[in-house]
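4 protein chains.
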Amino acid sequence: MLKNSLKNIGRSWSNLAGSFRGERFERVGPDLSSGDRELLRRQLKKWLEARGGEVSSRKHAAQIGELYLSLSPVGRKQFLQLLAREFGPDREALREQCKQYLTSSDSACGPIEEELLDLLISPRLKLLRQFNALPQGIKFLVDLRKDLIGFCREEKELQPLDREIQRLLATWFDVGLLEMRQIDWQSPASLLEKLVAYEAVHEIHSWQDLRHRLNMDRRCYAFFHPNMPDEPLIFVEVALTHGIAGSIQILLDDSTPDLAPEAADTAIFYSISNAQQGLMGISFGNFLIKRVVDSLKTELPNIRTFSTLSPVPGFARWLQGLTEEEMDGLIGEEGRADLAEMGNDANSPALLLELLDNAGWHQDEHLCAAVQPLLLRLLYHYFHAKRSDGQPIDPVERFHLGNGARIERVNWLGDVSDKGFAQAYGFMVNYLYPIKEIEKNHELYATKRKIVISSAVRALK
Amino acid sequence: MLKNSLKNIGRSWSNLAGSFRGERFERVGPDLSSGDRELLRRQLKKWLEARGGEVSSRKHAAQIGELYLSLSPVGRKQFLQLLAREFGPDREALREQCKQYLTSSDSACGPIEEELLDLLISPRLKLLRQFNALPQGIKFLVDLRKDLIGFCREEKELQPLDREIQRLLATWFDVGLLEMRQIDWQSPASLLEKLVAYEAVHEIHSWQDLRHRLNMDRRCYAFFHPNMPDEPLIFVEVALTHGIAGSIQILLDDSTPDLAPEAADTAIFYSISNAQQGLMGISFGNFLIKRVVDSLKTELPNIRTFSTLSPVPGFARWLQGLTEEEMDGLIGEEGRADLAEMGNDANSPALLLELLDNAGWHQDEHLCAAVQPLLLRLLYHYFHAKRSDGQPIDPVERFHLGNGARIERVNWLGDVSDKGFAQAYGFMVNYLYPIKEIEKNHELYATKRKIVISSAVRALK
Amino acid sequence: MLKNSLKNIGRSWSNLAGSFRGERFERVGPDLSSGDRELLRRQLKKWLEARGGEVSSRKHAAQIGELYLSLSPVGRKQFLQLLAREFGPDREALREQCKQYLTSSDSACGPIEEELLDLLISPRLKLLRQFNALPQGIKFLVDLRKDLIGFCREEKELQPLDREIQRLLATWFDVGLLEMRQIDWQSPASLLEKLVAYEAVHEIHSWQDLRHRLNMDRRCYAFFHPNMPDEPLIFVEVALTHGIAGSIQILLDDSTPDLAPEAADTAIFYSISNAQQGLMGISFGNFLIKRVVDSLKTELPNIRTFSTLSPVPGFARWLQGLTEEEMDGLIGEEGRADLAEMGNDANSPALLLELLDNAGWHQDEHLCAAVQPLLLRLLYHYFHAKRSDGQPIDPVERFHLGNGARIERVNWLGDVSDKGFAQAYGFMVNYLYPIKEIEKNHELYATKRKIVISSAVRALK
Amino acid sequence: MLKNSLKNIGRSWSNLAGSFRGERFERVGPDLSSGDRELLRRQLKKWLEARGGEVSSRKHAAQIGELYLSLSPVGRKQFLQLLAREFGPDREALREQCKQYLTSSDSACGPIEEELLDLLISPRLKLLRQFNALPQGIKFLVDLRKDLIGFCREEKELQPLDREIQRLLATWFDVGLLEMRQIDWQSPASLLEKLVAYEAVHEIHSWQDLRHRLNMDRRCYAFFHPNMPDEPLIFVEVALTHGIAGSIQILLDDSTPDLAPEAADTAIFYSISNAQQGLMGISFGNFLIKRVVDSLKTELPNIRTFSTLSPVPGFARWLQGLTEEEMDGLIGEEGRADLAEMGNDANSPALLLELLDNAGWHQDEHLCAAVQPLLLRLLYHYFHAKRSDGQPIDPVERFHLGNGARIERVNWLGDVSDKGFAQAYGFMVNYLYPIKEIEKNHELYATKRKIVISSAVRALK
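Protein chains in written order, with the working numbering: chain A, 4 to 464; chain B, 4 to 464; chain C, 4 to 464; chain D, 4 to 464.
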């Protein structure tokens with residue numbers, strides 16, 4: 004099979020181009036036998052020499068790309084392992100340059116630095132770069148890295164290759180090269196169905212649901228790369244509201260009447276999703292939020308408040324991991340007093356929380372009254388719980404604080420979906436982006452890990 | 004002045020954006036005083052720390068970019084020197100890693116290689132990369148490198164910075180990321196006037212001349228970068244002809260009737276110009292020719308011959324540099340016999356050539372008859388004259404042979420303009436691109452420096 | 004209310020523009036009181052005089068258009084009645100010109116003809132024409148005529164106005180001015196949802212269903228008017244198949260695998276829908292089919308057969324309207340013999356047909372065997388049943404024969420939906436468009452009402 | 004030849020499409036012999052019957068269109084005469100309907116009116132309408148009318164046909180169907196060269212001149228028809244200035260520095276040209292000015308004054324046509340006194356004016372001082388000189404007053420070109436469009452022929 008692939012030079016590439024675009028591309032291809040690997044190794048070496056010139060070298064890239072696509076998952080892993088093991092930087096030569104560098108005067112360092120740089124850009128990366136000659140070649144490489152990220156979990160030897168590709172993609176996907184576009188109901192259906200597929204925060208259930216999210220009091224923006232014009236990289240969904248929204252179910256209810264955009268004073272960022280797994284580790288979110296804020300300020304000057312309505316993905320898990328002592332310590336004297344006063348049947352916070360395992364607990368008013376102050380106090384402490392690197396354990400909190408936002412408000416029963424209860428007992432959080440303080444907030448967070456918080460939330464302690 | 008620039012944060016950027024687009028941007032700005040330099044140094048360091056976050060860091064890039072644009076040439080050089088001297092790679096840290104590398108086992112090498120790579124991507128380059136956040140920021144960097152190339156001639160210390168930027172631009176302007184577009188009389192006037200400005204081979208004298216070059220039997224193609232959509236990077240002008248054209252004056256004569264494209268069997272590439280000096284050293288020409296050939300084959304299947312009509316820029320200079328002995332050696336017995344037979348007044352080749360200093364010599368039939376075989380023989384030898392690196396001294400020859408073309412035909416009085424006589428006594432050359440042999444030719448040239456030549460030209464020897 | 008409307012000159016038109024585009028425009032407005040009518044009458048007269056000039060006259064059109072949109076259905080009818088009754092042609096003046104015409108020599112006729120023409124283009128039409136100054140004004144007029152067509156059924160006095168508007172729209176929507184565009188999955192969602200709304204033949208049940216109809220072995224084309232770029236006028240759905248398809252349920256089954264377009268030899272037009280009720284009486288279908296055939300022939304030269312898969316909307320109704328004698332006459336001796344031979348329980352054709360009222364009858368093999376030859380014979384006669392004007396009673400047959408197609412094949416159980424049984428006992432028909440015979444067929448039909456029919460269908464008699 | 008044309012049905016139409024677009028279409032074709040005319044007559048009749056159906060009828064239109072284009076000017080006139088003479092309305096039938104109309108009651112009039120209308124839309128017009136099926140068919144008809152207008156001058160019999168076509172074009176080119184687009188230096192060169200060709204007021208001398216007229220302090224707008232997207236119908240050139248400009252030579256001087264558009268408070272309409280002779284009699288100018296004013300008010304709110312800088316095309320001719328007595332009467336006692344006081348050599352106004360025949364007279368200060376008050380007074384009277392229909396004799400004045408503008412200012416030596424002196428002794432006029440008074444002005448002019456004039460100009464009397 005491989006032989007055919009590698010030799011089948013005249014074969015029309017329209018097929019491949021088709022399959023990139025194709026919706027149902029699920030060929031289950033072969034693995035690589037040891038003979039195939041040997042053949043591939045020779046092919047890659049020949050390619051690397053580029054003896055027929057740069058132009059034909061690019062043409063060969065297409066053939067090797069087609070081969071890659073035709074392989075089974077195992078075969079693809081073998082392909083990448085071959086690259087990782089045998090086409091890395093030339094260590095002999097690197098050692099030689101390192102030696103020279105150590106004995107060189109400053110004035111002689113420059114040329115050696117360039118030599119080092121040349122040697123560190125490995126042969127395998129030079130090969131992979133050429134895949135951009137494929138139709139939709141940038142997308143090809145992004146998807147190849149998606150495969151690679153999967154393989155890396157079990158095969159640590161692949162990690163250096165992954166980091167090399169990430170470095171290359173970070174240069175190509177530099178935020179300065181991206182284009183922000185608004186997505187609305189005029190957008191192509193083929194693009195809209197990608198929103199449905201990629202939406203990672205609040206699932207889109209139907210075209211009706213999607214249409215509601217693109218209504219006149221909604222906005223959706225995405226970053227695109229000029230060489231991947233049909234593929235959003237990241238997108239954010241925004242609701243234009245009057246006042247800060249606290250309930251996701253109200254936002255997503257398509258029977259609520261639309262607000263005239265001119266009447267809105269607030270923009271709520273209620274969902275932000277990365278669309279390309281192959282770009283993991285390359286961050287666009289902060290820039291996208293900044294660009295959307297700028298765009299909305301120009302389009303709708305009445306909008307003065309920019310806030311999120313965000314999930315608290317790790318709260319329940321964190322809470323369930325606390326020992327009874329830890330929890331006791333966190334709620335403190337005052338918290339215990341509150342609970343006692345309620346005269347609740349459950350005679351400890353932990354027992355109380357157990358009651359929340361029952362679906363529908365939030366319709367029990369008595370239970371709610373008992374548990375709400377307890378949860379609010381614990382949520383306050385959750386915001387301040389830290390990882391070993393000193394950053395908050397909640398990923399959403401890390402992202403927004405890192406962007407210069409502050410924790411503005413917590414919303415009891417803000418998300419009453421199963422997922423909302425499972426993650427955070429129904430809580431949602433508003434992170435506020437106060438235009439004039441973003442830089443200062445960022446600096447406080449970046450240098451001192453300060454959790455910037457509104458006085459209302461501080462009062463929950 | 005500088006203080007104002009650096010602090011003038013609120014100033015509208017639309018001005019700057021305007022000036023990038025502007026046609027007549029020729030502010031003569033100030034140099035950098037030593038106080039200014041100190042201020043700039045501190046600003047750059049602060050920028051590098053990015054304490055307000057990546058987003059505001061990009062915003063500062065714009066201010067520093069504006070500062071750069073506002074400077075005099077001397078000021079710009081000082082700006083770049085500051086970057087080159089003080090923001091290079093951290094040599095202390097590099098030496099440390101080199102030391103470790105030399106003592107590490109293979110399995111420990113990977114992480115050190117990444118460290119080295121991080122250290123080798125210098126702070127100054129990280130700063131410069133952020134300029135792409137400017138409106139038309141990629142173009143900004145290309146133009147900055149154009150300045151830099153100029154300064155490098157006298158200030159060698161700037162060369163490493165230049166090579167770093169070239170490396171970055173080579174990644175961004177990878178040929179796989181470029182778009183080929185056809186340019187015709189439907190194209191925007193603002194684009195067409197750039198052709199007039201950038202045409203480097205046969206000057207465009209008027210809009211009438213330009214229109215002729217975009218007629219139905221002409222084609223013009225250019226590469227564009229998606230982030231610089233209004234700026235051609237390189238463009239090629241093609242004439243569709245019947246048979247291989249040998250005379251540039253006929254091609255450029257706008258009174259000749261147009262050929263119906265379907266009636267043409269040959270495409271003549273008669274001019275290829277790089278449009279961006281700031282991209283020097285990054286080659287697109289071979290890919291552009293390849294893409295144009297592919298495009299024409301699809302559009303006009305009758306076209307089977309692809310050839311250039313090219314100047315011979317170094318012939319006259321080379322000839323004038325030969326000693327009498329060298330020349331004698333080159334023309335050989337046979338050549339001398341030919342000359343003797345003509346019974347010419349000038350009793351040596353050198354004396355004969357002197358006659359060619361007189362304008363209008365080509366209208367003297369007798370002289371032409373004497374000098375033509377002599378020049379043809381010498382031209383043959385010129386094609387084989389080599390530089391120290393073993394490549395031909397003629398740059399046009401190097402380019403086309405390197406692409407896999409062959410020397411097909413020489414054209415006596417192919418260019419009777421002053422420039423044509425001054426460069427090559429009126430000679431022009433056709434380099435042929437024989438579709439099926441290009442790869443083989445390239446390999447012969449790349450590995451053995453073989454000058455591939457048609458039998459007709461070989462007969463000139 | 005009216006007073007406000009008419010005077011509210013400064014009011015922003017963006018509202019109205021919005022409402023034209025709006026999806027859920029269903030304001031229930033007021034009727035016109037007699038005072039309002041008087042006010043409107045005066046306003047219309049003032050408008051007609053255009054004393055402030057043509058430019059402001061157009062501006063007033065917008066206000067009157069807004070008034071119209073704000074009215075209840077009764078109010079709109081009153082509005083149109085006012086126009087119809089009081090703003091028709093000037094009959095006094097017309098009679099005067101008629102008198103002169105009758106006494107004029109041929110050479111004096113020309114000017115009178117022009118006078119007549121001027122008088123016959125009524126004031127009300129001049130007013131209505133100006134509505135095209137509205138945002139989306141052409142669409143406004145198309146929708147106004149849709150209202151009008153509804154009112155005409157009960158108010159005959161409105162018919163002349165309707166015919167005047169139809170005449171105007173026929174000029175504006177001349178087929179030479181329309182643009183054919185392909186619609187596919189790249190098209191805007193807002194356009195695709197109109198297909199769902201307007202599809203008149205085989206309902207589109209979901210986005211999944213729609214996507215299937217736009218797959219790679221499907222095509223959809225529509226005519227658009229340049230002043231209504233977001234509104235299809237008519238669209239046709241085509242399946243690319245191998246051989247002529249006979250079953251709509253197979254075509255619409257989205258689980259069948261796609262055919263590579265290059266492998267198809269037949270194009271099946273399986274649905275054609277007019278999208279604008281306001282354009283009733285202005286025909287585009289024949290031109291659309293012609294353009295699609297041309298386009299497919301160019302794109303996919305392998306496709307040589309162009310056929311429809313069409314319903315037989317009037318068959319069941321016609322059959323149920325026959326008396327027993329008529330039916331007996333139609334099936335003839337031979338038919339009755341066939342039936343007798345089957346030994347069926349139902350001892351007359353009419354009784355037999357009654358059995359077909361039971362849902363699921365087609366799963367009874369015995370019944371099918373009995374009834375199939377009977378129905379085929381009757382279907383043959385149905386094709387030849389004529390209206391008083393000599394044309395076939397089946398509207399689909401009239402349309403395709405009028406276009407030059409022929410009746411090629413009938414398909415037993417071609418449509419097993421409820422609608423399919425109700426209309427035609429499950430029959431569908433293929434009308435074939437034989438490229439070379441279309442003109443001849445058309446002429447035979449147009450001049451002699453000849454029903455062109457394949458030999459296979461003729462054999463059913 | 005004709006036979007071939009008419010029969011050559013299979014011939015590719017791409018040729019014709021090409022020739023429409025072609026720049027140098029100047030085939031000199033044949034006239035129509037009497038045999039040809041007979042053949043054409045039969046062809047037209049067959050076409051009219053449309054026996055092969057509407058679709059093929061349109062196809063025949065293309066062939067007849069090609070025939071028309073292939074004819075000599077004489078042949079084209081013969082073609083149109085054939086149409087005019089033999090394919091006019093059916094007078095027999097018209098008379099019949101007229102008779103019936105005169106004896107019908109009101110309720111029976113409606114149907115007869117429709118009959119009349121059908122009969123009055125002549126067969127020749129039905130044929131011509133079908134030409135819009137040609138590639139660029141609308142443009143074809145516009146150009147055919149251009150021919151026709153030329154022929155009409157000598158052949159009065161063609162006038163009714165001309166008016167029929169004008170009526171049709173007036174419907175198709177209704178201003179509500181047109182699109183206004185801005186033209187700038189980004190526009191296609193092929194469009195810009197049309198500006199050069201069509202500019203009728205102040206000739207464009209070079210691309211440099213054109214570029215100046217599209218600079219940042221200039222604007223150019225045109226109306227386009229959606230079916231003729233590459234052809235401007237009418238365009239206007241605007242200068243953004245500080246204060247009302249009085250000198251065309253300053254406006255057109257490309258060495259004057261550009262004004263930042265934000266700094267401008269005035270928009271000067273200094274040239275307005277109809278681009279399509281075939282649309283003569285269909286007016287767009289008033290609408291275009293209105294749309295440009297609206298567009299500029301939105302884009303540049305600082306602009307509050309909208310004025311023209313216009314020629315006075317008939318002033319010199321009118322003056323030279325006055326008798327000595329008339330002139331004497333116009334300047335009056337006071338004028339004569341002024342002149343006497345100057346002590347000029349020329350002892351009568353007429354003699355004085357004779358001095359203005361000498362080129363360069365405006366550089367003679369003494370002469371200028373004498374002649375200026377005289378000319379100003381006469382110019383005042385020229386504005387009030389009327390045609391038999393009561394409208395001003397100056398066409399530019401008629402146009403702007405008819406649009407609701409007023410005569411604001413006259414500019415001595417506003418146009419010192421040869422043309423400027425020849426038309427109006429160097430005078431130019433500013434017509435002001437005072438937003439709030441336009442409607443009132445229009446009404447005063449339309450109903451009472453009032454010449455609205457500023458107090459400054461009134462003082463010239």
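Calculated directly from the structure, the hints in this document are not laboratory data. The structure presented is a predicted model; accordingly, all values stated were derived computationally and were not measured. There's no promise every hint is true.
Identical copies carry no separate label here, and so any pair may be met within one copy or between two of them.
[Said to hold, decoys possible] No farther apart than 25 Å at their CA atoms in a straight line, the calculated lysine to any residue pairs in the SDA-like style are these:
1) Lys-48 <-> Arg-339
2) Lys-453 <-> Ile-438
3) Lys-48 <-> Thr-326
4) Lys-80 <-> Glu-158
5) Lys-129 <-> Pro-229
6) Lys-102 <-> Gly-113
7) Lys-129 <-> Leu-171
8) Lys-451 <-> Gly-284
9) Lys-62 <-> Ile-438
10) Lys-48 <-> Glu-442
11) Lys-453 <-> Ser-420
12) Lys-102 <-> Ser-286
13) Lys-102 <-> Trp-188
14) Lys-62 <-> Thr-174
15) Lys-453 <-> Pro-76
16) Lys-80 <-> Gly-113
17) Lys-129 <-> Asn-230
18) Lys-102 <-> Phe-90
19) Lys-439 <-> Ala-266
20) Lys-102 <-> Asp-268
21) Lys-439 <-> Asp-392
22) Lys-439 <-> Ile-124
23) Lys-62 <-> Ser-286
24) Lys-464 <-> Arg-401
25) Lys-48 <-> Gly-38
26) Lys-48 <-> Lys-389
* Asked: Using 25 Å as the alpha-carbon threshold, which applies to Lys-129 and Asn-230: within, between, both, or neither?
  -> both (19 Å within a copy, 23 Å between copies)
* 25 Å Cα cut-off: does Lys-48 pair with Thr-326 within a copy, between copies, both or neither? -> neither (58 Å within a copy, 47 Å between copies)
* Give the relationship of Lys-439 and Ala-266 under a CA distance limit of 25 Å: within one copy only, between copies only, both, or neither. => within (23 Å within a copy, 31 Å between copies)
* To do: Measure nothing new, just compare the shortest in-copy and cross-copy C-alpha distances for Lys-48 and Glu-442 to 25 Å and report within, between, both or neither.
  => between (50 Å within a copy, 17 Å between copies)
* Is it within a copy, between copies, both, or neither that the alpha carbon of Lys-129 lies no farther than 25 Å from that of Pro-229? -> This pair counts as both: shortest intra-copy Cα distance 22 Å, inter-copy 22 Å.
* To do: Up to 25 Å between alpha-carbons, please classify Lys-102 paired with Phe-90: within, between, both or neither.
  => For Lys-102 and Phe-90, the Cα distance is within 25 Å both inside one copy (23 Å) and across copies (24 Å).
* To do: Up to 25 Å between alpha-carbons, please classify Lys-453 paired with Ile-438: within, between, both or neither.
  => Classified as within: same-chain Cα gap 18 Å, cross-chain 59 Å, threshold 25 Å.
* Asked: Is it within, between, both or neither when you check Lys-102 against Trp-188 at 25 Å Cα-Cα?
  -> The answer is neither: 62 Å in one copy and 59 Å across copies each exceed 25 Å.
* Between copies, within a copy, both or neither: which fits Lys-48 and Arg-339 at Cα up to 25 Å? -> neither (71 Å within a copy, 52 Å between copies)
* To do: Tell me, please, which holds for Lys-62 and Ser-286 at an alpha-carbon limit of 25 Å: within, between, both or neither?
  => between (32 Å within a copy, 17 Å between copies)
* Could you figure out if Lys-102 and Gly-113 sit no more than 25 Å apart (CA to CA) within one copy, between two copies, both or neither? => Both: 14 Å inside a chain and 18 Å across chains, each within 25 Å.
* To do: Tell me, please, which holds for Lys-464 and Arg-401 at an alpha-carbon limit of 25 Å: within, between, both or neither?
  => So Lys-464 and Arg-401 pass the 25 Å test inside one copy only (20 Å; across, 76 Å).
The structure fails to meet hints 1, 3, 11, 12, 13, 15, 20, 21, 22, 26 from the earlier list, while all remaining hints are met.
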